[in-house]
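Enquirer: Protein chains in written order, with this note's numbering: chain A, 1 to 335; chain B, 1 to 379.
Derived by calculation from the structure, the hints in this document are not laboratory data. Among the clues, some could well be false.
[Claimed, not checked] Under 7 angstroms between C-beta atoms, here's a sample of chain B residues computed to sit facing chain A:
#  : residue
1  : F158
2  : A160
3  : W162
4  : M172
5  : I176
6  : V244
7  : G246
8  : S248
9  : A252
10 : D344
11 : M345
12 : L351
Given the structure is predicted, the values throughout are model-derived calculations rather than measurements. All residues carry an ideal CB built from backbone N, CA and C; glycine is no exception.
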Amino acid sequence: MNGSLSNILNFINMAVLASAPLLLATLGEILTEKSGNLNLGVEGMMFMGAISSLGAAYGYEQAVMAAGGTPSALVATIIAALAAAAAGGFGALIYAFLVITLRANQNVTGLTLTIFGTGFANFFGELIGKQAGGFVQVSAPTKAMFSNIDFGSLSRIPVLGSLLFSYNWMVYFGLLVMAVMAWFLSKSRRGLNLRAVGENPATADAAGVNVTLYKYTATVVGGALCGLGGMFISMSSTACAGVWVHDCVNGYGWLAVALVIFAMWSPARAWLCGLVFGGLLVVRNYFPIPGLPMQIYSMFPYIATILVLVFASVRQVKEHAQPASCGLNYFREER
Amino acid sequence: MKHGHEPFVRVVKRTNISKQKVILYRVAALLGALLAGALLVAMLGYNPVQMYSDMVSGALGKTLIAVNKKGIVEFSTSSQATLKIVTLLLVTSLGLTMAFKMRFWNIGGEGQILVGAISCSYIAVHYGNTWPHWLLLVVMFIAACIGGGLYGLLPAIFKAKWGTNETLFTLMLNYIAINFITYLQYLPAWQMDGTSFPKIRNFSDATRIPEVLGVHAGWMIALVLAVLVYFYFAKTKQGYEITVVGESANTAKYAGMSVTRIILRTMFVSGAICGFAGFLQVSGASGTLSTDTANGAGFTAITVAWLSGMNPLLMVLYSCFIAILQRGSNRIQTTMGIPKSAADMLIGIILFFMLGVEFFINYQLIFRARHAKEEAAAV
């Protein structure tokens with residue numbers, strides 16, 4: 001294999017890995033926005049998922065070892081995933097309660113969730129780290145659960161093997177969630193109801209759909225997905241890989257909020273757009289542009305986001321794609 | 001028979017609620033939030049009373065004003081650091097309020113502070129040793145305001161013309177600004193002479209804002225600015241226009257206001273005030289530019305603006321409150337081993353409570369049983 005081809009393959013591999021947390025969080029936010037809730041707390045929920053998964057896996061390992069046993073990496077992974085989903089869901093539940101039941105402003109509540117989630121994660125990250133004697137880190141077998149899977153001979157097919165069969169389980173999990181959500185939103189009865197709630201809650205209400213229940217469920221499940229996206233960052237990203245890193249989510253959540261617009265609220269397009277953004281996040285490491293300083297190159301994903309926002313607004317994509325009631329609270333009494 | 005169809009609890013909009021009651025509710029929410037924070041640290045095995053008292057003493061020192069070694073009366077060492085944070089938060093939240101009143105979600109305060117700081121740092125780095133003190137300060141001030149203002153104007157242009165999502169636009173500009181500072185740190189012209197360490201040089205004394213009571217004079221300007229912004233909203237035509245656009249852009253249009261012009265003008269001012277905060281940071285507080293110059297103030301100031309209900313005078317109070325939490329969190333990290341991120345988490349909890357209490361201020365819960373009794377009494 002020649003050098004430039006392997007460089008391209010490496011780039012694609014890294015782009016896919018970088019896109020995985022974005023995909024999960026974007027899917028979570030799409031589900032949330034389909035119910036009419038614009039939750040700007042994605043970054044916060046990702047932070048909460050990131051620390052909770054790491055902390056729960058670490059806590060489980062320590063507890064088993066203290067009892068004299070050997071912790072199972074599989075159990076640790078399952079616990080981590082459950083904790084991430086629960087933490088993200090919990091963050092979303094706070095948001096949902098304030099916004100749906102107490103009718104608070106969606107923008108401010110979402111921002112607050114981001115501030116809270118960031119503080120929550122850094123606080124507990126440092127606290128657990130201090131108790132662990134420096135920094136938190138899960139055991140090597142648990143770390144291995146989040147490294148790339150070897151599919152045997154499949155992984156060794158030239159080019160294709162590396163392109164398709166060389167990732168960790170969370171990448172494939174993201175694709176599965178995408179497929180399920182695409183089916184749910186377009187083909188299932190409940191998905192249709194949910195979209196009705198997001199488009200016009202009063203009509204859905206009149207048709208006998210339990211608007212409050214749909215809003216709560218979609219927001220909390222969406223938050224759980226964001227939490228899982230955060231878990232990808234703390235457990236399998238190359239920067240963290242099972243070790244708590246201060247401020248590790250660092251803007252991924254916000255990129256996901258932008259990706260929802262880019263993807264026009266479609267799960268399948270979220271995957272494609274996620275890949276493009278994953279590529280933008282890592283491209284500087286593979287294709288240096290002569291004369292362009294690295295620090296300027298690092299701005300690309302953010303500049304691209306702005307261009308996407310401008311493009312979407314100039315073409316008025318939003319009017320066609322965004323759920324009509326998105327960002328507005330529904331008061332049954334004020335119909 | 002009628003009661004069979006009546007829900008257990010109904011939500012009714014309040015028509016009138018006394019001002020004292022509103023204040024009472026808000027204070028109760030604030031205390032509730034602090035109590036929730038106390039409960040959390042207590043569950044983790046720390047003494048919450050000690051935490052709060054250490055926070056306050058860490059932020060304010062033994063006394064607020066002290067006599068220093070040279071026999072000069074000034075703010076005590078601890079309160080000096082806190083006052084610098086107050087200044088940064090107050091100025092930034094005043095800037096953001098301009099936009100928020102208009103329902104323009106400017107969460108790019110961080111970026112606008114940084115671009116203001118970069119603009120005036122350019123002057124400080126290149127002319128810091130040649131120009132006289134007064135000229136430097138004037139030009140740096142203007143540069144910071146224009147830099148921050150233009151950075152705020154950019155998303156406003158797109159918002160006004162195409163309705164581009166300003167929340168994400170302003171947010172992305174934050175990351176671009178911070179990356180640009182990292183880039184500047186690697187430029188030899190901006191580094192310390194004779195080193196290639198990626199750090200921007202310390203500015204000359206001629207670029208620094210003079211001190212009053214031991215803290216750069218920015219804190220006094222910030223207080224004046226709060227009063228000015230208060231009057232801007234309460235008494236001027238422009239301030240009124242902003243409020244109308246915030247309530248309803250259509251109403252403003254029918255009233256013959258140029259909504260586009262108001263959005264552009266207001267966002268320039270909003271960014272310029274944040275840029276001014278950046279000037280106070282580099283020229284007053286730290287004497288150099290770094291990626292920590294804004295230090296999250298762009299976000300924390302959003303909290304300040306909202307907690308104070310966008311009332312500039314209340315912002316003075318809330319800036320002090322949040323600054324004490326932030327500064328005090330450093331102390332509890334050293335004395336009690338509680339990570340200083342506790343402050344951010346606490347700020348989040350406080351805001352959750354304050355958002356929640358608004359419901360009880362605006363709405364009234366009517367329970368079935370009580371309602372029945374009231375009806376019976378009425379009959």
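Enquirer: Compare the structure with each hint and give your call.
Expert: Evaluation of the provided hints:
1. F158: This hint holds: F158 (chain B) lies near chain A, its Cβ roughly 6 angstroms from the closest one there, short of 7 angstroms.
2. A160: 11 angstroms, violated
3. W162: 4 angstroms, holds
4. M172: 4 angstroms, holds
5. I176: 5 angstroms, holds
6. V244: 19 angstroms, violated
7. G246: Violated: closest Cβ of chain A sits about 13 angstroms from G246 (chain B), beyond 7 angstroms.
8. S248: 14 angstroms, violated
9. A252: 20 angstroms, violated
10. D344: This hint holds: D344 (chain B) lies near chain A, its Cβ roughly 3 angstroms from the closest one there, short of 7 angstroms.
11. M345: 4 angstroms, holds
12. L351: Interface hint status for L351 (chain B): holds (4 angstroms vs cutoff 7 angstroms).
Of the numbered hints stated above, those contradicted by the structure are hints 2, 6, 7, 8 and 9, listed in ascending order.
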